[in-house]
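Each chain, written out:
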Amino acid sequence: MIATSAAANPFFMNLDQIFVLLRNWLVGFLPVALRPAAGVVLAVIAIVCVFPGLFALTTVFERKGLGRIQNRLGPNRVGPFGFFQPIADGIKSLTKEDIVPFSANAVVHFLAPLVLVVTVFMGFAVLPMGRNMVLVDMDSGLLFFFAMGAATELSVFMAGWSSRNKYSVLGAMRAVAQMISYEVVLLLSSVAVVMITGSLSLPRIVEAQNQYSGIFPHWYIFTPWGLAAFLMYAIAATAETNRSPFDLPEGESELVAGYHTEYSGFKFALFFLGEYLAMFSISGLGATLFLGGWSAPFSFLQFVPSWIWFFGKVMLSIFVFIWMRGTLPRLRQDQLMNFAWKFVLPFTLLNLLVTALWRFMGEGWQRWVVCTIILAAAYIVMGRLGMSGRHIGRRSYRYAE
Amino acid sequence: MNAMFYLLAAITLAGGLATVLLKHLVHSALAVTVAFAGLALMFLQLDAQFAGFAQILVYIGAVAILIVFAILLTRGADLPKHGVFSRTWPLGLVIAAGVFAVLGWAVISSAGAIPQQNASPSVTVHDIGIALVGRYVLPLEILALLLTAATIGAVIVAMHEKERPGS
Amino acid sequence: MLGDGILKGMAETARNFFGSYISKERLTTVEYPEHRIPTAENARVFPFLVYDGADGEAGLRCVACQICEKECPPKCIYIDKSTDKKPDYVGKPQFYPARFDIDISVCMSCQICVEVCPFEAIKMDTQFELATTDRFGGLLYDRKELARSNEYYHSIHPTEATEVDARLAEEKAKVEARAKAAAEAAAAKAAAASAAPPAKTEGGS
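Protein chains in written order, with our numbering: chain A, 731 to 1131; chain B, 2 to 168; chain C, 200 to 404.
I should point out that these hints are in silico values taken from the structure, not numbers from a laboratory.
Watch out, some of these pointers could steer you wrong.
No more than 20 Å apart at the CA atoms, straight line, and that leaves these computed lysine to aspartate or glutamate pairs for DMTMM-like [unchecked claim]:
id: 1; chain 1: A; residue 1: Lys794; chain 2: C; residue 2: Glu230
id: 2; chain 1: A; residue 1: Lys794; chain 2: C; residue 2: Glu211
id: 3; chain 1: A; residue 1: Lys1072; chain 2: C; residue 2: Glu224
id: 4; chain 1: A; residue 1: Lys794; chain 2: C; residue 2: Glu224
Let the hints inform the model, and build the full structure from the sequences given.
Structure below.
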C-alpha cells in the first residue's frame, strides 16, 4: 500500500522496480514464445551473480570485523583497505591442488559440495527480494525453503563419511545431529508466523507486514510472540549454518576441520560458499518472516527502493552473526543439544500456544499484556529450570584438600 | 504421460534398482535417497505441491538421515563377505512377481473408475489444513498419540542402554 | 536472567569494535614493516664487540681472554688469540683476537658472555632483522662484522653504556693514580737514593 506521496513519485517507483523493468526490457528482444523462460533465466543469472558477490564482500567484512573486535586490523594489503582479498582467496583456492584421499569414496566425495551448493541456491528461489522480485511465487514457498534446508544435512553427512577420516565422520555426525535438532525449532518458530498470516507463500507474508499504523510498521518482530519466535529463529539459524557459538562440527581446535577436513582447493571453496550462502538465505528468510521483508521501517521512508531494505536487513543479520562470532566461545556438543531440547524447543512450543491466544483474543491492548506476561514469565522460569542441573559452585578437589 | 514423467520414472527406478543391487550399504542408502527425490519430483509434476515438498522434507531430510545414522552407528559400512544376493532368490522373484501382479491389477482396474479430467484439481495447503482439522481430526489425533508413544519409547530404549553398564 | 551475560559480552565487543577506530589503545596492532615499535632498552638479540675511538681494530676492547668462549653454553664463539700484543685503554699491552667468530644460528641470546667478560668488551645488540639467503656463511659473523663503536653502544643502551664508561674511567683513573703514586715513590726513592749517597760521600770526606 503505497500511500505516502513520496513513494508515489514515479521516479522512486521506477527505482523500486528497476530490476523488473530491466528484465522486461531485455526479454523484449526475444520472440514471445521464449519470453517467460528467458525471464526466468535472467533472474537466475542475477541471483547466481549477486549472492556470491555478496559472499565475497562478507568474507572481507567478517575478517576485518572480527579483527577490529579482537584489537587488530583485518586483511589490509590487497586493494584499498583489503577489499580485494576475496579475489586473492579465489585465485588461491582455484590453483590449489585438489587432493582426494586414496581410500575415499571418490563419487560421493565429489558430489557432496555440489549437492550443498545446489540445494542452497534453490532456497533463494522463493525469497522475495523486493516488490515483485521473487523468482518463483509458490503457494507453499516456505515449505519448499525448509525442504531445501533439509537436503543440506544430507550433503554434510556425505562429505564427512566419504572422506574415510575419523575426524570427518565425527564432525559430520555432530553436524547432522545439531542440524536436525535445530531444524525442528526453525520450523516451529516459522509456524507461528504462518498461523497469523494464514499462508505459506512468502510474498503474501511480506504483504501482510507491509502495513503501517501511524509511522510504525506491522512487522511481526514488534509483537510479543514475534519477538520470542524471532529470538528462537535466530538461535536456530545460527545452529543450522554451523556458526559460532554452535560451530563445534567445524571448530579448528576440536576436529581439525570437521567434515571438510579432506577437501582442498575449489571443493573447499564450494563448502565455504555453501555455508555463507546458507547464512544469506536463512537471514533472508528471517527478514521475510519477522522483519517485514522488503518493507520500510517507517512509513515516511517508503520512497527508498524495496530491494535496498531487503538487502540491508540481510546484511544487518550478517553483521549480527559476525558480532556473535567475535563474542561467544564455542558450545560443547552436549551443551548444544541440551540447550536445543530443554530450553529452545519448549519455549517455541509455548510460543505457538501464545500465538494462537493472540490470534483469538482479537484486537486490543489486552492481548499485548497477556501475551507479554506469559512469554516473559516462561522465559525466566524456563531459563532457571531448563538449564539447571549444572551447578557451578566452588570447585572441590578429591586429593588436594 | 509426457516425457517428464518417463524421465522421473526412470530416475526413481534407477534409484530403487541401485539400492538393492549395490554392495556397499551407504551407497544403497544414498541411492534410496535418489529414489525418494524422484518420487518427490513426480508429486510436484502432478501439481501436488504440499505432498512433494513434504516428501523432500520428511523422506530426504529425516528418513534418509535416519537410515545412514542407523547404518553407521550399528554395524558400520563393512562390505558383506559373501555377496548380497541370497541363495533362495527364485522364490523371492516369484513372490515379487505376485505382488506386482496384484498392484498392477488394482491400479489398472481403478484407472477406469476415475473420470478423465483435463485439469487436475488444485489442492492448496489451505484445503489440506481444513480437511485435517475438520474431517480427519480423529486420525490426526491418533497420529499425534502414536508419535508421542514412539518418542517416549525411543527415550526409554536409549535411557535403558545408558543405565546398563552402571547397574 | 538467561542471556544477560551474552548481552554484556556483546556490549563489550561492540565497544571494542567502535573503539578500535578511535583510540590507539583499542587497536594495538602495529603495521610492521612500515611502522615499528621501538625496542626496549634492555632488549637483547645477538652479541657484538665494542671498540673505543674510531678505529675498529686498534680500539677493540677484547683481549682474547677466551672466558666467553669457555662459558658459552652452545659453544657458538670461536676465538684465535694473536701472537703479538697491543696496548689497551689503560696503556697496558694486551693480546687481541686474531679471529673472533660467533655463529648466530647457534647463539641463544643468553647473555652469559656479556656477564662474564671482565673487560666490558662484548655486549648485546638489539638488531633482529638479520635474515639472509645464505644459511651457513651469512649467519657466521666474524670480528669485522661484530665490531661496533662505543657511540653505537651508547645509542642502543644509553644507561648501560654510561655506567660502563664510568666504570672504565674509574679503573683508568685508579690505574693512573697508582702509576703516578708509583712514579712519585720511585722518584722520591731515586731522589732519596741520589740524595743519600752524596750525603754519605759528603759525610765521608
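| task | For the pair we were handed, A:Lys794 and C:Glu224, check the Cα-Cα distance against 20 Å. | result | At roughly 18 Å apart (the allowed maximum being 20 Å), C:Glu224 and A:Lys794 satisfy the hint.
| task | Compare the distance between the alpha carbons of A:Lys794 and C:Glu211 with 20 Å, and conclude whether the hinted pair is satisfied. | result | Since the Cα atoms of A:Lys794 and C:Glu211 sit roughly 17 Å apart, the hinted pair holds (cutoff 20 Å).
| request: Decide if the proposed pair is consistent with the structure: A:Lys794 and C:Glu230, CA atoms, cutoff 20 Å inclusive. | output: holds (15 Å)
| query | Taking only the CA atoms, is the gap from A:Lys1072 to C:Glu224 under or equal to 20 Å? | reply | Cα-Cα ~42 Å, so violated.
Going down the numbered hints, you'll see the structure goes against just number 3.
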